[in-house]
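Novice: Protein chains in written order, with full-length UniProt numbering: chain A, 1 to 326; chain B, 1 to 326.
Simulated from the structure, these hints should not be mistaken for lab results.
Predicted model only: the values in this text are computed from it and were never measured.
Some hints could be false.
Since the list can't tell identical chains apart, any single copy or any two copies may satisfy a pair.
[What the hints assert, rightly or not] Pairs of lysine to aspartate or glutamate residues, derived as EDC-like cross-links and limited to a Cα-Cα distance of at most 16 Å, are as follows: (1) Lys259 / Asp270; (2) Lys324 / Asp300; (3) Lys39 / Asp255; (4) Lys39 / Asp252; (5) Lys159 / Asp186; (6) Lys324 / Glu65; (7) Lys93 / Glu73; (8) Lys201 / Glu218; (9) Lys197 / Glu218; (10) Lys137 / Asp206; (11) Lys39 / Asp4.
Number of protein chains: 2
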Amino acid sequence: MEADFEVKEQTTRWSPDSGEVLVKNLYLSIDPYQHNRMKRGAVLPGQVITHNNLSPRIVSYAVGEVVASASPEYAAGDMVAGVLGWEDYTLFKPSPTARMSKVDASASFPLSYHIGVLGTSGMTAYGGLFEVCKPAKGEKVFVSAAAGSIGGLVGQFAKLAGCYVVGCAGTKAKVDLLKDKLGFDDAFNYKEDPDLKSALKRYFPDGIDIYFDNVGGEMLEAALANMNIYGRVAVCGVISEYTGAGRRAVPDMLDVIYKRITIRGIYAWDFMPKRFAEFYGVISDWIRQGKVQVIEDVSDGLENVPAAFVELFTGQNVGKKLVKLA
Amino acid sequence: MEADFEVKEQTTRWSPDSGEVLVKNLYLSIDPYQHNRMKRGAVLPGQVITHNNLSPRIVSYAVGEVVASASPEYAAGDMVAGVLGWEDYTLFKPSPTARMSKVDASASFPLSYHIGVLGTSGMTAYGGLFEVCKPAKGEKVFVSAAAGSIGGLVGQFAKLAGCYVVGCAGTKAKVDLLKDKLGFDDAFNYKEDPDLKSALKRYFPDGIDIYFDNVGGEMLEAALANMNIYGRVAVCGVISEYTGAGRRAVPDMLDVIYKRITIRGIYAWDFMPKRFAEFYGVISDWIRQGKVQVIEDVSDGLENVPAAFVELFTGQNVGKKLVKLA
Numbered sequence: 001m002e003a004d005f006e007v008k009e010q011t012t013r014w015s016p017d018s019g020e021v022l023v024k025n026l027y028l029s030i031d032p033y034q035h036n037r038m039k040r041g042a043v044l045p046g047q048v049i050t051h052n053n054l055s056p057r058i059v060s061y062a063v064g065e066v067v068a069s070a071s072p073e074y075a076a077g078d079m080v081a082g083v084l085g086w087e088d089y090t091l092f093k094p095s096p097t098a099r100m101s102k103v104d105a106s107a108s109f110p111l112s113y114h115i116g117v118l119g120t121s122g123m124t125a126y127g128g129l130f131e132v133c134k135p136a137k138g139e140k141v142f143v144s145a146a147a148g149s150i151g152g153l154v155g156q157f158a159k160l161a162g163c164y165v166v167g168c169a170g171t172k173a174k175v176d177l178l179k180d181k182l183g184f185d186d187a188f189n190y191k192e193d194p195d196l197k198s199a200l201k202r203y204f205p206d207g208i209d210i211y212f213d214n215v216g217g218e219m220l221e222a223a224l225a226n227m228n229i230y231g232r233v234a235v236c237g238v239i240s241e242y243t244g245a246g247r248r249a250v251p252d253m254l255d256v257i258y259k260r261i262t263i264r265g266i267y268a269w270d271f272m273p274k275r276f277a278e279f280y281g282v283i284s285d286w287i288r289q290g291k292v293q294v295i296e297d298v299s300d301g302l303e304n305v306p307a308a309f310v311e312l313f314t315g316q317n318v319g320k321k322l323v324k325l326a
Numbered sequence: 001m002e003a004d005f006e007v008k009e010q011t012t013r014w015s016p017d018s019g020e021v022l023v024k025n026l027y028l029s030i031d032p033y034q035h036n037r038m039k040r041g042a043v044l045p046g047q048v049i050t051h052n053n054l055s056p057r058i059v060s061y062a063v064g065e066v067v068a069s070a071s072p073e074y075a076a077g078d079m080v081a082g083v084l085g086w087e088d089y090t091l092f093k094p095s096p097t098a099r100m101s102k103v104d105a106s107a108s109f110p111l112s113y114h115i116g117v118l119g120t121s122g123m124t125a126y127g128g129l130f131e132v133c134k135p136a137k138g139e140k141v142f143v144s145a146a147a148g149s150i151g152g153l154v155g156q157f158a159k160l161a162g163c164y165v166v167g168c169a170g171t172k173a174k175v176d177l178l179k180d181k182l183g184f185d186d187a188f189n190y191k192e193d194p195d196l197k198s199a200l201k202r203y204f205p206d207g208i209d210i211y212f213d214n215v216g217g218e219m220l221e222a223a224l225a226n227m228n229i230y231g232r233v234a235v236c237g238v239i240s241e242y243t244g245a246g247r248r249a250v251p252d253m254l255d256v257i258y259k260r261i262t263i264r265g266i267y268a269w270d271f272m273p274k275r276f277a278e279f280y281g282v283i284s285d286w287i288r289q290g291k292v293q294v295i296e297d298v299s300d301g302l303e304n305v306p307a308a309f310v311e312l313f314t315g316q317n318v319g320k321k322l323v324k325l326a
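This is chain A alone, in the form it adopts within the complex (with noise of 0.2 Å):
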């Protein structure tokens, strides 16, 4: 898999009439996202991991800082989140419907903190539990790749709105993680578990109000499984499904029906605008006083991007996975 990736020197041209601005990227989002969209043509062979930038090139959510500015939005020492890619400088051309957003230094957050809990992950984690779950005070919530970046925020937002939280991930260190550092009510390792439909069982005696899905497959068919009434699925991910390992969920659609159960795919795009400030300052609030706890994984320079990214298949990355560049 490192193998299929490439990095290349290439020259940025940015001029001062361009109405483009230059920035240097500082840490670059690593995400499971990217596989589909190789996958799925959005990403191509040829679209390369850039020391500076030239399309066509790999896009991607960083934070950096304005280096130079030929638009009046953005200034030089400006820093900013956004889409970005995967590459030491990006040329960013501001438009109605591209924007970064500035970040803001004064908050004395780790800049990194601004594309993880703060950023897409975040938002990914909070819009999806509260705009699409909808949890009460005393439901029990389901979150697969618990120890992922956005699932180990959905936990952690469960248990802050009152909820009974069960999380499952693939080793003993990351279940130890969920219980003892995240405070999940239980968590499971499911490689030890082959019989998911039972492992739920014995897990939520009393059913499941809402699964956070980051996984699909089997997963989903024994959330199903084990749904309550108006059970509530979140579909995020489906990473059993990215790399082939795993085969597609055979959801049994009769509980659909019976138990009414709302399935809903979610995006974190649909909720940044409209909710970024009210999630913004309600994160960093729950961040100052320890209420969340932020994990992050961070590999150091654009040669380590292709490492970083297989590790994201393989099990190994704990929390937010990101690039830290020089």
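With chain A held as given, fit chain B onto it using these hints.
Specialist: Just chain B now, kept in the frame of chain A:
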């Protein structure tokens, strides 16, 4: 399948101090969901179709006349609709959770309407479409099993909401009915279009916004593949699975995520209590104004319940399947 049923003669015991109401059933509702109840053990072997009432018997929606009442809520001569049974007479014990609705005989609708278009079939179509799918004018709506008791109403209701509506069914006569009598914009015979994905692409070049699913299986997969962003799927039935003839759907959850599709199971009784008055008023007006066509398919006599039920699974019935009792 007919041989799986047994019609038994049994004695009904009603007494004036029982609190019970004795109802002479006039029309019985024949619905595919009974098949699930049998498969799931909600209807067990030994539960019979009775010429008089004695549990265990097969419970179903029906309309009838009160012939004796030991309840202050009902009087002899009242026409009622509710969850009664596949039998000539039902002993009904009213409680806060078990009620029959009194049928408005002055409305001059045929009695049978109260278990079809003005009963659970109508409520399923109305609640499922308007409460779950929320159609907007101009949206594209696909209905499967569109010549069935619910599908035919969903399509007509969606047309009244200003949508573009295409239905599918399994015979040319049904397809003609959808187009010529029920006002669907288009319709097709799915048996003549083995590549359902391509068929839906042809009928919906701009994609599907709402899919009202009565069949599940490959049709659900094909609909999801053709859905637009923010598409909604109301899951009402999975008739392709009931008899084991079709295979279960293997939906592409990546489609669900990327298109933020909502899939929701529906059930008439979720809408019945709170929206029945609104529903009844709206549908009554639509029928009187000729805006909704009522298609019924009536068999005669309790002895024909088994054959009527089997028709649902062999593609023979059109519209609401009923049995009229003597």
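Novice: Hint by hint, which ones does the structure fall short of?
Specialist: Every hint satisfied by this model.
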